[in-house]
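*Asks:* So the protein sequences, as listed, match chains U and D. Following the UniProt record's numbering, the numbering of the first sequence begins with 1 at its first residue and continues without gaps. Following the UniProt record's numbering, the numbering of the second sequence begins with 1 at its first residue and continues without gaps.
One or more of the hints may lead you astray.
To be verified - In silico lysine to any residue, SDA-like type, Cα no more than 25 Å apart, as pairs: (1) D:Lys113 x U:Thr174; (2) D:Lys168 x D:Lys113; (3) U:Lys177 x D:Ser134; (4) U:Lys177 x D:Asn106; (5) U:Lys90 x U:Ser13; (6) D:Lys103 x U:Thr174; (7) D:Lys67 x U:Gln163.
As the list claims (entries may be wrong) - Computed footprint of chain U on chain D; a stretch qualifies when at least three of its residues, placed anywhere within it, have a C-beta under 8 Å from a C-beta of chain U: (8) 48 to 55; (9) 89 to 101.
Calculated directly from the structure, the hints in this document are not laboratory data. Cβ coordinates follow ideal geometry from the N, Cα and C atoms, glycine included.
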Amino acid sequence: MSVLRFSKLIFGSATVFFLIAPLIAILPLAFTDSVFLNYPIPGYSTRWFVELFTAGVWQRSIINSLIIGCGTTVLATFLGTVGALGLRDKQLSLVLTTIKTIFLLPMVVPAVVLGVGMQLMFARYALTNTYLGVIIAHTVVAVPFVVVNVLAVLQGIDRRLEQAAASLGAAPVTVLKQVTLPLALPGIVSGAVFAFATSLDEVVLTLFVAGPNQRTLARQMFSTIRENISPAIAAAAFVFIVGTVLIAIVVNFSRGTNRANE
Amino acid sequence: MNNPFIRLEEVSKSFGLLTVVEGLNLEIGKGEFISLLGPSGSGKTTILMMLAGFENPTSGAIWAGGKRIDSLPPHRRNMGVVFQNYALFPHMTVSENVAFPLKMRNVPRAKVKERVGKALDMVQLGSLAERRPSQLSGGQQQRVALARALIFEPEVVLMDEPLGALDKQLREQMQLDIRDLHRRLELTIVFVTHDQSEALTMSDRIAIFNRGKIEQIGKPSDIYDHPSTQFVAEFIGETNLVRGCVQSVEGGTARVQLPGGQEVFVETATDLRPNSSVCLSIRPERIKVGRREAAGNNITAAVSDIVYHGDHLRLVARSDSQSLTIKTDRSQPTLSIGDEVQLSFLSSDCWVVSA
Numbered sequence: 001m002s003v004l005r006f007s008k009l010i011f012g013s014a015t016v017f018f019l020i021a022p023l024i025a026i027l028p029l030a031f032t033d034s035v036f037l038n039y040p041i042p043g044y045s046t047r048w049f050v051e052l053f054t055a056g057v058w059q060r061s062i063i064n065s066l067i068i069g070c071g072t073t074v075l076a077t078f079l080g081t082v083g084a085l086g087l088r089d090k091q092l093s094l095v096l097t098t099i100k101t102i103f104l105l106p107m108v109v110p111a112v113v114l115g116v117g118m119q120l121m122f123a124r125y126a127l128t129n130t131y132l133g134v135i136i137a138h139t140v141v142a143v144p145f146v147v148v149n150v151l152a153v154l155q156g157i158d159r160r161l162e163q164a165a166a167s168l169g170a171a172p173v174t175v176l177k178q179v180t181l182p183l184a185l186p187g188i189v190s191g192a193v194f195a196f197a198t199s200l201d202e203v204v205l206t207l208f209v210a211g212p213n214q215r216t217l218a219r220q221m222f223s224t225i226r227e228n229i230s231p232a233i234a235a236a237a238f239v240f241i242v243g244t245v246l247i248a249i250v251v252n253f254s255r256g257t258n259r260a261n262e
Numbered sequence: 001m002n003n004p005f006i007r008l009e010e011v012s013k014s015f016g017l018l019t020v021v022e023g024l025n026l027e028i029g030k031g032e033f034i035s036l037l038g039p040s041g042s043g044k045t046t047i048l049m050m051l052a053g054f055e056n057p058t059s060g061a062i063w064a065g066g067k068r069i070d071s072l073p074p075h076r077r078n079m080g081v082v083f084q085n086y087a088l089f090p091h092m093t094v095s096e097n098v099a100f101p102l103k104m105r106n107v108p109r110a111k112v113k114e115r116v117g118k119a120l121d122m123v124q125l126g127s128l129a130e131r132r133p134s135q136l137s138g139g140q141q142q143r144v145a146l147a148r149a150l151i152f153e154p155e156v157v158l159m160d161e162p163l164g165a166l167d168k169q170l171r172e173q174m175q176l177d178i179r180d181l182h183r184r185l186e187l188t189i190v191f192v193t194h195d196q197s198e199a200l201t202m203s204d205r206i207a208i209f210n211r212g213k214i215e216q217i218g219k220p221s222d223i224y225d226h227p228s229t230q231f232v233a234e235f236i237g238e239t240n241l242v243r244g245c246v247q248s249v250e251g252g253t254a255r256v257q258l259p260g261g262q263e264v265f266v267e268t269a270t271d272l273r274p275n276s277s278v279c280l281s282i283r284p285e286r287i288k289v290g291r292r293e294a295a296g297n298n299i300t301a302a303v304s305d306i307v308y309h310g311d312h313l314r315l316v317a318r319s320d321s322q323s324l325t326i327k328t329d330r331s332q333p334t335l336s337i338g339d340e341v342q343l344s345f346l347s348s349d350c351w352v353v354s355a
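Here chain U stands alone, though its shape is the one from the complex (with noise of 0.2 Å):
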């Protein structure tokens, strides 16, 4: 073996250590017996599995989260995939590649400073504590990820297939629904998965704009962590985890299905 060869392996190894090494610290913290989220592991149970579903804030938190996950999964994916619909040429005039970049620009602004304009402009609509609020929040910064999988997907469409179907007859919005969207929908599925994964563990915007009432998961555990510590977090972290990796196998099976198709 090369030095080189050598040393990427190290550099490699080290770097994914680096990155799911917390990952790995909390896991088995999630099986503790006792009541206090440190090692060593005195015993195992599964007892805060047990209180992370029973329990009513805990329970309240995780329907929260789906609440307001699918119904920015929906607003999102809707709205991302007509701007993408909008910006699909390559060569975009100028007031549409402003556009574009204000559609991404979520991606790149500081979540609290999206926070205080929200929860200022909120306040004046009396969408603060509201689960619409939270869900408009939400959309906002997972809007730029379903445009830019959408605009992918899109830019790789042949647009000779769309002219083939109007030649063959189907107006403007039949082309749409027959041709343009069945070829987008790995985008739109992968574009709806990541605004649900942003939903679920955004927790800036949610403290300004979410009241009692809109606490999530996220927004839960970070509170319980500073309140009273307990290895509940390790569960729920578990559960986010475990989510979160099936969500990314759904992502990977969508895109594959849509290369075995071409």
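Once you have looked at the hints, place chain D on chain U.
*Replies:* Below, chain D without anything else, positioned relative to chain U:
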């Protein structure tokens, strides 16, 4: 043309500052097979896109079947389009692809099934109805595209280099198939190609495009035998272009002096003035080697190259400063480089082209 089916009237198309088609007039008859032939960028595909409705003319009018169509959207033009890359819907099966235009026209289900079956039989693909396009070869995909473009009995079929992606043997087979369908179904076909031999074999008429304009339009034999410009002469087939000076004109025959001093007789339809300079086109296969023809033109030349092509030989001969290519059969006595040969050609095989 009496009663043309499609008429383009002073059609121009520009993209920004670039003018792709300029003041084009073209009439296409019902049931005609017309090829638009030209190098890439000559505007032929743009014309097709305007006929299909994917592009709108910058100015001018397009008529089809007595109606003005240039502002009609593509889905209301009832024209079948066949693309070079087939443009089959990858998420549908072969039969779903072919059924698509019928579904768009709300044809009842039972009827759709019957007609799809017939259309696939027509292109000999009945057994592959449930496959996906990606599981078919290029030739099969193009047959599906053809069936899909013909199944709704369009008034006009537009083809954009449909055989460009196929290999030579398959291409020649498909040329015959398309030609056959054209005759059987009495289709009006507008066929875009940059392959001159394809245009010659398939078309009723050929329009040669150069820089957004039609350089010449006519029957394949007219264009081949009587090219009107140097561009056409060189683009269609192979030719020898020879410059000369008109000495005298008598009753449709001109006496032209070549740069080396030899004189040839040329039949011409255009008015030539004595002392004007002209460009002559002589097809390589019309030049005979080794014989003097009393009625024709005779010049002497020296063989400078011989290329063996299997069924024929290609000679390059120099006469004074002029180099001539000659296509000859192999019944000639063996020649070798440097031999002096007698070349002859009829005055009617010598054609004056404008620069």
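*Asks:* Now, for every hint given, state plainly whether the structure supports it.
*Replies:* Structure-based check of each hint:
The suggested pairing of Lys113 of chain D with Thr174 of chain U holds, with an alpha-carbon distance near 21 Å, which does not exceed 25 Å. In summary, the hint linking Lys168 of chain D to Lys113 of chain D is not supported, as the alpha carbons are separated by about 34 Å, beyond the 25 Å threshold. For the hint linking Lys177 of chain U to Ser134 of chain D, the alpha-carbon distance of about 21 Å falls within 25 Å, and the restraint holds. Distance restraint check for Lys177 of chain U and Asn106 of chain D: the Cα-Cα separation of roughly 16 Å lies within the 25 Å cut-off, and the hinted pair is therefore satisfied.
Between the alpha carbons of Lys90 of chain U and Ser13 of chain U the distance comes to roughly 38 Å, so the proposed pair goes past 25 Å and is violated. Between Lys103 of chain D and Thr174 of chain U the alpha-carbon distance is near 11 Å, which keeps this suggested pair within the 25 Å criterion. Annotation: proposed proximity of Lys67 of chain D to Gln163 of chain U holds, straight-line Cα distance about 22 Å (limit 25 Å). Counting residues of the stretch 48 to 55 of chain D whose CB falls under 8 Å from any CB of chain U gives 3; the rule of at least 3 is met.
Counting residues of the stretch 89 to 101 of chain D whose beta carbon lies closer than 8 Å to any beta carbon of chain U gives 5, which reaches the threshold of three, so the coverage claim holds.
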